[in-house]
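Enquirer: The listed protein sequences derive, respectively, from chains R and G.
So the first sequence is residues 1 to 374, counted in the working numbering.
So the second sequence is residues 375 to 498, counted in the working numbering.
It is worth saying that the hints were derived from the structure and are not from the lab.
Please read these numbers as outputs of a predicted model, since none were measured by experiment.
Some hints could be false.
[Said to hold, decoys possible] Cβ-to-Cβ under 8 Å is the rule here; a few derived chain G residues that face chain R:
{"#": "1", "residue": "A396"}
{"#": "2", "residue": "T400"}
{"#": "3", "residue": "S404"}
{"#": "4", "residue": "G431"}
{"#": "5", "residue": "Y434"}
{"#": "6", "residue": "E435"}
{"#": "7", "residue": "A451"}
{"#": "8", "residue": "R455"}
[Unchecked claim] Here's a subset of chain G near chain R, in silico, CB distances under 10 Å, partners left out:
{"#": "9", "residue": "G413"}
{"#": "10", "residue": "A424"}
{"#": "11", "residue": "V426"}
{"#": "12", "residue": "D453"}
{"#": "13", "residue": "K469"}
{"#": "14", "residue": "A476"}
{"#": "15", "residue": "S491"}
Note that the Cβ used here is the ideal one computed from N, Cα and C, for glycine as well.
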Amino acid sequence: MSPADQPANLTAGDADDARRRAGRLLRWYPRAWRDRYGPEFTELLIADIAERPRSPRRSLDVARGGIRARLADVGLAGFPLPLPTAGGGAGPLLEQARQRQVSASLGSFSCALGAFLVLASALWSQLLINWQWSALIRTLDQDHGTSPGRRLAQIPADDTFLAVFATYSMLALLVLAVLAALPVLVTVAGRIAREREARLIRPAIVLAAALAVLLAGGRHFENNWLGTGGHHALIPSGLAAFIWALTLSVTSYWGHPALFFTLPASERAWMALSPFVLAITVASATALVRRVRLSPRVAAFEACLGLLGCTTMAAFVVCFGVWLTERVGPNPGLRAGISIGSVNATVIALLALALAVAAQAARMAVRGLRRARA
Amino acid sequence: MAKRDASERADAAALAGFGRYAGPATLILSSLADGPKHGYALTKDVEEFAGVRLAPGTLYEALARLESQGLIEALEAHDRRRPYQLTTAGATALKAHLAAQARVTEVGLRRLAVNWSAPYWGTA
């Protein structure tokens, strides 16, 4: 290397300052990237800072690159994941990097699907309650002895369609989630039994514990479910009650403390605890998917289910989007009995965000698998 | 002949797949065609021969892409700086990409010479 390839000399003080600034800029990047490129990138930044002490363009460039690297780290961008340093053949290293990219994408998909299921369940169970009550409101001034069948017939057809469509979208998502979870759980169980992989044992134990808490809490509080008014032929009410209990925390009660404190203490405690347990469940499931190293066949199966899941999620979001936008209108019925406030609007916005993340993750997983095959 | 054309197109496409990073990738590969260099040496060399200063984030994103495609490879680090060198695949891809660019340059210059030569300038 010629002297021109060497950076300008810095005084000791300036060098320390440059190193500190380079260290701060490096924090934009994820740990795996820093482990691989950190030292050499820091040296380049120090040399650049020595030549151009103040450069907003450099800071923006590093921030942009760091954000892209972080998105790639969670499988949401095409920025390449860092390869291990030289040593061993390039082929196996590339293969490992691609596998990690696919695992990261599938992990992000699990996370987005988990968040979507929680929020969608809350919205769905609320919809079902109001569907039930809209029927009762309509019959209140008529015949108190009206049978459930007759009450159902009095609800506008589009409301019934919405409730039933949302229900079967939710069920389809749950079935897809179970189908996706099974091969992952089988692979995890096999790895733990055969290889005692410590990095799988901890999230597996946390996941099992969180699911046990959710099962116990859900079964206990489902008794408070307001029911589907006997529309059992259309809505699986037992499941609806259980899911409603799991998502009790997604409510506008938080914004009305006086009303909130009228609830029993145990219910308030569950409303405070359950979001953390749900978050832990989603986080541990995501960690397992990221770490388990699925075989290419299972990964391809998961990616395929992911694309199907995105379609179902999109149908659900459109369904509730229509519900939200048609809320203000002359048509009574379901929409007359409920208030679509900021909670519903926020939940629908979050559902759309979760869908966007899931779709990007599924797309990146499919692309990674195609590249691995090529 | 047709087979050779297809192969050249595939080599050139190796860089075209870089999208907006094709520019930095071409500059980096051209610099490494002269021999292994670390990040700072690459920046200075590119600045010297192309008049473009690659910002650190852009440089390392392009390096990571090239490395993940097997077009360059990292060598042992010296004094916290890691040099990179061109691989055979990288040299082939660069050659095909530059040849394609040269054809475009040639056609463009020829058409400019025919339609936009000096007598027409300033008459619009």
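Enquirer: How about G431(G): closest beta carbon in chain R under 8 Å, or not?
Expert: Holds. Min distance 3 Å.
Enquirer: For the hint on R455(G), does the least C-beta distance to chain R fall short of 8 Å?
Expert: Check passed: Cβ of R455(G) comes within 5 Å of chain R, closer than 8 Å.
Enquirer: Using Cβ atoms only, decide whether S491(G) comes closer than 10 Å to chain R, and label the hint accordingly.
Expert: violated, 39 Å
Enquirer: So, D453(G) near chain R? Judge it on the closest CB pair being under 10 Å.
Expert: holds, 8 Å
Enquirer: Should the interface hint for Y434(G) be scored as holding, given a Cβ-Cβ cut-off of 8 Å against chain R?
Expert: holds, 6 Å
Enquirer: Go through the hint on K469(G) and say holds or violated, using the shortest Cβ distance to chain R against 10 Å.
Expert: Violated: closest Cβ of chain R sits about 20 Å from K469(G), beyond 10 Å.
Enquirer: Using Cβ atoms only, decide whether E435(G) comes closer than 8 Å to chain R, and label the hint accordingly.
Expert: Holds: closest Cβ of chain R sits about 5 Å from E435(G), inside 8 Å.
Enquirer: Taking the closest Cβ pair, is T400(G) under 8 Å from chain R?
Expert: violated, 17 Å
Enquirer: Can you verify the interface hint for A424(G): is its Cβ closer than 10 Å to any Cβ in chain R?
Expert: Status violated, d = 16 Å.
Enquirer: Min Cβ distance, S404(G) to chain R: is it shorter than 8 Å?
Expert: Given a least distance of 16 Å, the restraint on S404(G) is violated.
Enquirer: With a cut-off of 10 Å on the beta carbons, see whether G413(G) makes it to chain R.
Expert: holds, 4 Å
Enquirer: So, as I understand it, the hint says V426(G) touches chain R; can you test that by seeing if any CB pair is closer than 10 Å?
Expert: Since chain R brings no Cβ nearer than about 13 Å to V426(G), farther than 10 Å, the hint is violated.
Taken one by one, the earlier hints fail for this structure at numbers 1, 2, 3, 10, 11, 13, 14, 15, listed in ascending order.
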